[in-house]
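Respectively, the protein sequence lines represent chains A and B.
All residue numbers for the first sequence refer to the numbering used here, where the first residue is 1 and numbers rise by one.
All residue numbers for the second sequence refer to the numbering used here, where the first residue is 1 and numbers rise by one.
If you're looking for bench data, these hints aren't it; they were derived computationally from the structure.
Hints are not guaranteed to be accurate.
The calculated DSSO-like cross-link candidates involving lysine-lysine, where the alpha carbons are at most 27 Å apart (straight line), are [to be verified]:
#1 B:K99 x A:K64
#2 B:K54 x A:K64
#3 B:K90 x A:K64
#4 B:K99 x A:K69
#5 A:K69 x A:K52
#6 B:K247 x A:K64
#7 A:K143 x A:K69
#8 B:K247 x A:K172
#9 A:K64 x B:K113
#10 A:K17 x B:K5
#11 B:K113 x A:K48
#12 A:K65 x B:K99
#13 B:K113 x A:K65
#14 B:K113 x A:K69
#15 B:K247 x A:K65
#16 A:K143 x B:K113
#17 A:K183 x B:K155
#18 A:K115 x A:K52
#19 B:K247 x A:K183
#20 B:K99 x A:K143
#21 B:K247 x B:K27
#22 A:K183 x B:K162
#23 A:K65 x B:K54
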Amino acid sequence: MIKIQLPVSAEKIRELKAGDEVAITGVMITGRDTAHKYLVETAGEDVKELLKDSMIYHCGPVVKKEGEKYSFVAAGPTTSIREEPYEADVIEKYEVRGVIGKGGMGASTLEACGKFGSVYLSAVGGLATILARSVVEVIDVHKLDEWGAPEAMWVIRVVDFPAVVTMDSHGKSIHDDIAAQSKANYDRLVSGD
Amino acid sequence: MGHEKLTESFLELIRRASTTLPPDVEKAMTQAIELEGEGAGAASSLALMLENAKQASEGSTPICQDTGALLFFVDYGPDYRQKDVEEAAKAATAAATEKYYLRPNAVDSVTGKNSGNNLGATFPYFHFEQRDEPGLLVRLMLKGGGSENVGAQYKLPDGNLKAGRDLDGVRRCVIDAVYNAQGKGCAPGTVGIGIGGDRGTSFLCSKEQLLRDLGDTNPDGQLAELETQLFEELNQLGIGPSGFGGKTTVLGVKIGKLHRLPACFFVSVSYVCWAYRKAAMTVEGGEVTYD
Numbered sequence: 001m002i003k004i005q006l007p008v009s010a011e012k013i014r015e016l017k018a019g020d021e022v023a024i025t026g027v028m029i030t031g032r033d034t035a036h037k038y039l040v041e042t043a044g045e046d047v048k049e050l051l052k053d054s055m056i057y058h059c060g061p062v063v064k065k066e067g068e069k070y071s072f073v074a075a076g077p078t079t080s081i082r083e084e085p086y087e088a089d090v091i092e093k094y095e096v097r098g099v100i101g102k103g104g105m106g107a108s109t110l111e112a113c114g115k116f117g118s119v120y121l122s123a124v125g126g127l128a129t130i131l132a133r134s135v136v137e138v139i140d141v142h143k144l145d146e147w148g149a150p151e152a153m154w155v156i157r158v159v160d161f162p163a164v165v166t167m168d169s170h171g172k173s174i175h176d177d178i179a180a181q182s183k184a185n186y187d188r189l190v191s192g193d
Numbered sequence: 001m002g003h004e005k006l007t008e009s010f011l012e013l014i015r016r017a018s019t020t021l022p023p024d025v026e027k028a029m030t031q032a033i034e035l036e037g038e039g040a041g042a043a044s045s046l047a048l049m050l051e052n053a054k055q056a057s058e059g060s061t062p063i064c065q066d067t068g069a070l071l072f073f074v075d076y077g078p079d080y081r082q083k084d085v086e087e088a089a090k091a092a093t094a095a096a097t098e099k100y101y102l103r104p105n106a107v108d109s110v111t112g113k114n115s116g117n118n119l120g121a122t123f124p125y126f127h128f129e130q131r132d133e134p135g136l137l138v139r140l141m142l143k144g145g146g147s148e149n150v151g152a153q154y155k156l157p158d159g160n161l162k163a164g165r166d167l168d169g170v171r172r173c174v175i176d177a178v179y180n181a182q183g184k185g186c187a188p189g190t191v192g193i194g195i196g197g198d199r200g201t202s203f204l205c206s207k208e209q210l211l212r213d214l215g216d217t218n219p220d221g222q223l224a225e226l227e228t229q230l231f232e233e234l235n236q237l238g239i240g241p242s243g244f245g246g247k248t249t250v251l252g253v254k255i256g257k258l259h260r261l262p263a264c265f266f267v268s269v270s271y272v273c274w275a276y277r278k279a280a281m282t283v284e285g286g287e288v289t290y291d
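Chain B with its partners taken away, still in its complex shape (with noise of 0.2 Å):
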């Protein structure tokens, strides 16, 4: 696929992201409004949420003013250079920026500039995958600074939380992460968990287990009964939605693991707001789909 189609593309997916809640987002929701009851002041702060993404997905307009920081997760296969993608997305960005689908929000972090197009160091962020089919696996995803800054990374052993270095040693370092957040980063949430590896790449398999769809099973029997267990327990903290108390303060609990060096036991916890904005596109031949 040519540049220009190829960029095209890419400010459809930009759009879809920010201009549309998931489908597993909104059914979760959903959920949540029978859950909390009619009449339930959490009820109607979710019903209000749904509303506020029903009016934005029909003006093309952002659920959330935060369109937050651009993550690409490509899947490229032989019929394609990275060089190539990087530079349609980059485009497209600009481009989008341009159309009020995204706040400007690259900020040079000395002299406190904004780029003004969403271009900048990391601005957008990507990680490449190569693979052997033809076509590309694009999932993005804006993460908003409100979440952003909920975030929290646990060393093993912890003494304030007990916590030590076995899976009730993570269950621990997430309670904590989540009660730290209240309603900061916009409840309910959805959590983002990575069991291992060094400092950097822990926080980044959290960012990647927010790609997963919500009604999904970890494949790892252990995680997948401890996204189960946290899920039940988070949401007994009583936070709620918007962080005015309510038995919906996450949406959902997502768990990966890394090898980790000896010495190291990281846990790593991403927090992304309800207004959890993730699009994917298949690219195939000169074929676009999007999901």
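Same shape as in the complex, but just chain A (with noise of 0.2 Å):
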């Protein structure tokens, strides 16, 4: 298990190879579909600062709010590839050190990662509860009446959120590769007339 302290440099990140498992702490941010679209399409000052060296979390959590103080009750992973279209251009220009998510990302983010310095994370899809153990307190949240809770970009510190690296910034896809697996049993399975 390697410790990951945020916010961390790009040669550290480099540092970490696909099948690495990783324990992050520090402050990073949520973001999905709605933050996507807009931290591209704006210049996203609100978040610009708390993105630098720090990491995104595809995340739509359940929000508990007792007084002014929020807290997370349930926040595993949400699919990433549907922020393909938009993450190699968040990772360029908000200098974002890693990504975390479920289900793998495309070409384009491999390739920022390389690029950039940054890496792709795979938390386990579906652990909502334990996830949210790891998000010790809820700093700050942007956008929460516009957007609504799931898609609100949620700033949050993380003690030991537990994840693997599944993309490095050297090529490797694990993603790529269990689907290059698959893809030879899916052509035996449905191959013959």
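Assembling the complex is the task here: the two chains are given apart, and the hints tell you how they should meet.
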């Protein structure tokens, strides 16, 4: 298990290899469909500093509000591939060092990881209760009223958030490997007339 | 049963569906852990999923943050009116959202505005069947967006898949859909398949299959055989839990059939993630039971 403290440098991120298990501690931000479109189409001034050398978590949490204080009740990853049209631009523009989600991403994100020093990390899908417990503090939230709780950008402090590097900055993607292996099995199963 | 008590019963049904893994799913995952073998990455992923479900159940928190779309399948006797049942279910849905059993998930498709309480056009969704016996049987499924996105509908014949208008054609479509899903729908999933119908009823048929017990046997012999064959073949794809590889790609395959138009032959595939949230309640007189 490799410990990652946020903020983190591109050099440190480049040391990571696909398959590495990590535990992330520090401040990161959630962002999914609406946030990615927003980050690409605007200057994203409200979150620019937060994203630099930090990570973006593809997550639409269940959030509890007590008084003025928010906390995460359930917070597993959402499917990342929907952000593929935006992610490479987000990594470049905001100097994001890690993207956390599930299911993997495509060629343009993989290329951006190599070019700018970033990684894609998989959290186990559906691990909502366990992952919510590693979110120790909700520091702030952006666009809550406008976008609603799932889409809002939540600024969170995590301690030992568990994830696996599945796309590294050296061009290796475990998702591509599994897809290629399963394609061979697929061809065998549907071959023949 | 009066509105207030019925609303309370619906609230409990929603809580159970969101926070408790059904026993048949837990059993299938436990068997999958044995199959993967101790020490395998796939086995430890599955064990983590079960641990998450246990913690969710203990704390009454959602197993998955995507509490999905609510689909109520209601069989109702002469002592109930659809409208009353709907009103109670809607009131319970809003209450469940306030209690954090549900994430607010109903988004206006044009304005992008989240309604905040899971109420909206077809939120929740109801399917009513009238019956002669008094009382209610309500089956609820919470269907998450990630798994919904990997569903697919095919129109046979399909030249690319070499899929003709027969059960082998159906088999090819299902393998194609699960291969394309990879780990995006939170494998290991359960696959519901609808053969025939029109486009709409075909998809509904595929979803209704997901209400079946994982351990049941299809009463149609040919479909039962295809379910067994597909279960084995899909698990040979090697996609595995979370899409990280392994012997467990699906937990179950359930197939239903409808009549079709001569010109149409649809095969609809609905995928549900490992966090397969379903619950049922029976109302008889003043008594409510859950399973």
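**Study point:** Non-conforming hints, listed in increasing numerical order
**Key:** 6, 10 and 15
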